[in-house]
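S.K.: Sequence:
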Amino acid sequence: MDSPSPVYQGQFGSFTITPHDRTEVRLYRAGLAVAALCCGVATGLVIWQGEQYGALAMVDWLLGGFCLGLGLSLWTIHIYLRPLHRLLQVFWAIGSASALILRLSQPDPLALYVYHHPLTLLGVGFVFAALTGIYFKEGFCFNRLETKILTPLVPALLLGHLAGVLSPSLKLALLGIWAVLFLIFSARKLIQEIPADIGDKSVFDHLQQQRLQTQTP
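Numbering-wise, the sequence shown is residues 50 to 266 according to our numbering.
No lab work stands behind these hints: they were computed from the structure.
Glycine residues also receive a C-beta, built at the ideal position from the N, C-alpha and C atoms.
Take the hints with a grain of salt, since some may be wrong.
Lysine to any residue pairs mimicking SDA-like chemistry, simulated, CA-CA at most 20 angstroms apart [stated by the list, open to error]:
#1 197 <-> 209
#2 186 <-> 127
#3 186 <-> 90
#4 220 <-> 205
#5 197 <-> 250
#6 220 <-> 66
#7 250 <-> 65
#8 220 <-> 198
#9 186 <-> 243
#10 220 <-> 241
#11 220 <-> 232
#12 197 <-> 224
#13 250 <-> 66
#14 186 <-> 211
#15 197 <-> 229
#16 186 <-> 220
#17 186 <-> 134
#18 197 <-> 223
#19 220 <-> 178
#20 197 <-> 185
#21 250 <-> 129
#22 220 <-> 236
#23 197 <-> 178
#24 220 <-> 169
#25 250 <-> 61
#26 186 <-> 251
#27 186 <-> 242
#28 186 <-> 241
#29 220 <-> 104
#30 197 <-> 241
What follows is a list of derived Cβ distance ranges for each label pair [to be verified]:
#31 239 <-> 142: 22 to 28 angstroms
#32 61 <-> 156: 51 to 57 angstroms
#33 236 <-> 102: 28 to 34 angstroms
#34 236 <-> 171: 19 to 25 angstroms
#35 226 <-> 251: 44 to 50 angstroms
#36 72 <-> 139: 43 to 49 angstroms
#37 101 <-> 171: 22 to 28 angstroms
#38 205 <-> 98: 20 to 26 angstroms
Construct the entire structure; sequences and hints are all you get.
M.R.: In structure tokens form, the structure reads like this:
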């Protein structure tokens, strides 16, 4: 027989962790692992192959896997503030839709088109804004060094490319650092204790009760 789930004491009362909670955490971490792996492989191809058409066409498929993995993580992540959670999901949707539209409307690989048309980041960049939100949350909650670096690094790289102030070699260097730190972050998440990612469920229950009270006439 399964052993009973431990009872935890939260800020607003006691709570237990259900199998559904654990499944959500595993899916969250799996999504991050997929996104990080796709990011790492795509970065390796860009650094190794440059602007070769075949390599960049493969990067497009990896970008699709990255978006799907990130979407899974944003669906299952535990964030106390629901408006912030929804905002990150909206950012992901805008960025993913923009990437899909550009890919279907342009003959060139998406990565190549975005590189030569930086203004497209005003659409595609939203997906990376959503990822930065995860980095910020993880850095704030768990004091992770890699996410504290990634939180400013990703916007600096994207905005630097948008403004045209970064040299090609610096862009590749920052992209490589991003990919390595993302892989480290996702690997560390896989071995972290599951309850840590669930957080204080009593806070979620309290906020839910507050929302119900405000909706009651």
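S.K.: Are the hints correct? Go through all of them and say.
M.R.: Hints and how they fare:
1. 197 <-> 209: Given pair residue 197, residue 209 holds - Cα atoms ~19 angstroms apart, limit 20 angstroms.
2. 186 <-> 127: holds (10 angstroms)
3. 186 <-> 90: Not OK: residue 186 and residue 90 at ~25 angstroms, beyond 20 angstroms, violated.
4. 220 <-> 205: Between residue 220 and residue 205 the Cα gap is close to 10 angstroms, so the pair holds against 20 angstroms.
5. 197 <-> 250: Measuring from Cα to Cα gives roughly 25 angstroms; hence the hint is violated.
6. 220 <-> 66: violated (43 angstroms)
7. 250 <-> 65: This hinted pair holds, its Cα atoms lying about 8 angstroms apart.
8. 220 <-> 198: holds (16 angstroms)
9. 186 <-> 243: holds (16 angstroms)
10. 220 <-> 241: violated (31 angstroms)
11. 220 <-> 232: holds (18 angstroms)
12. 197 <-> 224: holds (16 angstroms)
13. 250 <-> 66: holds (8 angstroms)
14. 186 <-> 211: violated (25 angstroms)
15. 197 <-> 229: Roughly 14 angstroms separates the two Cα atoms, so the pair holds.
16. 186 <-> 220: violated (25 angstroms)
17. 186 <-> 134: holds (11 angstroms)
18. 197 <-> 223: Measuring from Cα to Cα gives roughly 15 angstroms; hence the hint holds.
19. 220 <-> 178: holds (18 angstroms)
20. 197 <-> 185: Distance ~7 angstroms between residue 197 and residue 185 Cα, so the pair holds.
21. 250 <-> 129: holds (9 angstroms)
22. 220 <-> 236: Roughly 24 angstroms separates the two Cα atoms, so the pair is violated.
23. 197 <-> 178: holds (15 angstroms)
24. 220 <-> 169: Holds - the C-alpha atoms of residue 169 and residue 220 are around 17 angstroms apart, at most 20 angstroms.
25. 250 <-> 61: OK: residue 250 and residue 61 at ~9 angstroms, within 20 angstroms.
26. 186 <-> 251: OK: residue 186 and residue 251 at ~19 angstroms, within 20 angstroms.
27. 186 <-> 242: holds (17 angstroms)
28. 186 <-> 241: holds (15 angstroms)
29. 220 <-> 104: holds (18 angstroms)
30. 197 <-> 241: Holds. Residue 197 to residue 241 sits at ~18 angstroms (cutoff 20 angstroms).
31. 239 <-> 142: 22 to 28 angstroms: holds (26 angstroms)
32. 61 <-> 156: 51 to 57 angstroms: The hinted range 51 to 57 angstroms holds for residue 61 and residue 156, with Cβ atoms some 56 angstroms apart.
33. 236 <-> 102: 28 to 34 angstroms: Holds, since residue 236 and residue 102 (Cβ atoms, about 32 angstroms apart) stay within the stated range.
34. 236 <-> 171: 19 to 25 angstroms: violated (32 angstroms)
35. 226 <-> 251: 44 to 50 angstroms: Violated, at about 38 angstroms.
36. 72 <-> 139: 43 to 49 angstroms: violated (24 angstroms)
37. 101 <-> 171: 22 to 28 angstroms: holds (27 angstroms)
38. 205 <-> 98: 20 to 26 angstroms: Given a distance of about 25 angstroms, which is inside 20 to 26 angstroms, the answer is holds.
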